[in-house]
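Q: Sequence:
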Amino acid sequence: MEGVLVYLESLSSSAWLRTGVWPFPVVNLIHVFGIALLFGGIVVLDLRLLGLTGKLPVAGLARLVLPIAGTGLCLAVGTGVLMFALNAREYAANPYLPWKLGSILLAGINIAFLHATVWRSRECWEERAPVLAETAAAVSLALWAGTIICGRLMAYF
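Going letter by letter, the sequence shown gives residues 1 to 157 in the UniProt record's numbering.
Heads up, a few of these hints could be off.
[Stated by the list, open to error] Now the in silico label distances, taken between C-beta atoms and shown as ranges: (1) ALA145 - SER10: 33 to 39 Å; (2) PHE113 - ALA92: 27 to 33 Å; (3) ALA145 - ALA116: 19 to 25 Å; (4) TRP16 - LEU101: 21 to 27 Å.
Calculated from the structure, these hints are not laboratory results. Note that beta-carbon positions come from the ideal geometry of N, C-alpha and C, so glycine has one too.
All chains should be modelled from the sequences, with the hints used to inform the complete structure.
A: Have a look at this one:
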């Protein structure tokens, strides 16, 4: 494993992030922007599934926010990989990294479960989403909040 981590740190992208004043801050800003898009889109949809945002049509809201959240996910993952590679050995030893990655994995499983079960009937959820969708929304909020919290704690430990 050590060899892989050293290799990541030796990549040209890692060297680029170490040069100058701007590369790392710009990548970090893009990472934060990606997280904002991802979490913002997810929160809006999850709150609707929980019945806390009125009677917005779920299908229409999903068509609006899911592409935004997907863009945020791509930005966050792409820049997160770049930043991880910069100090791979340090990040790999961070006690919050497994929690962050575990939260992301579980959030992905939660989304897959929702889509494999009740999501196909979302056009019919005018008043209230099914209990299974509400549960998935609550789990989603907790997991994505946990991901953000662990990510922030990684900076201090």
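Q: Each of the hints needs a verdict: does it hold here or not?
A: For each hint, the structure was consulted:
1. Judged by the Cβ atoms, the range 33 to 39 Å given for ALA145 and SER10 holds: they are separated by roughly 35 Å.
2. Judged by the Cβ atoms, the range 27 to 33 Å given for PHE113 and ALA92 holds: they are separated by roughly 29 Å.
3. Look at ALA145 against ALA116: about 23 Å separates their beta carbons, and that is inside 19 to 25 Å.
4. Remark: the range hint 21 to 27 Å for TRP16 to LEU101 is upheld by a beta-carbon distance near 24 Å.
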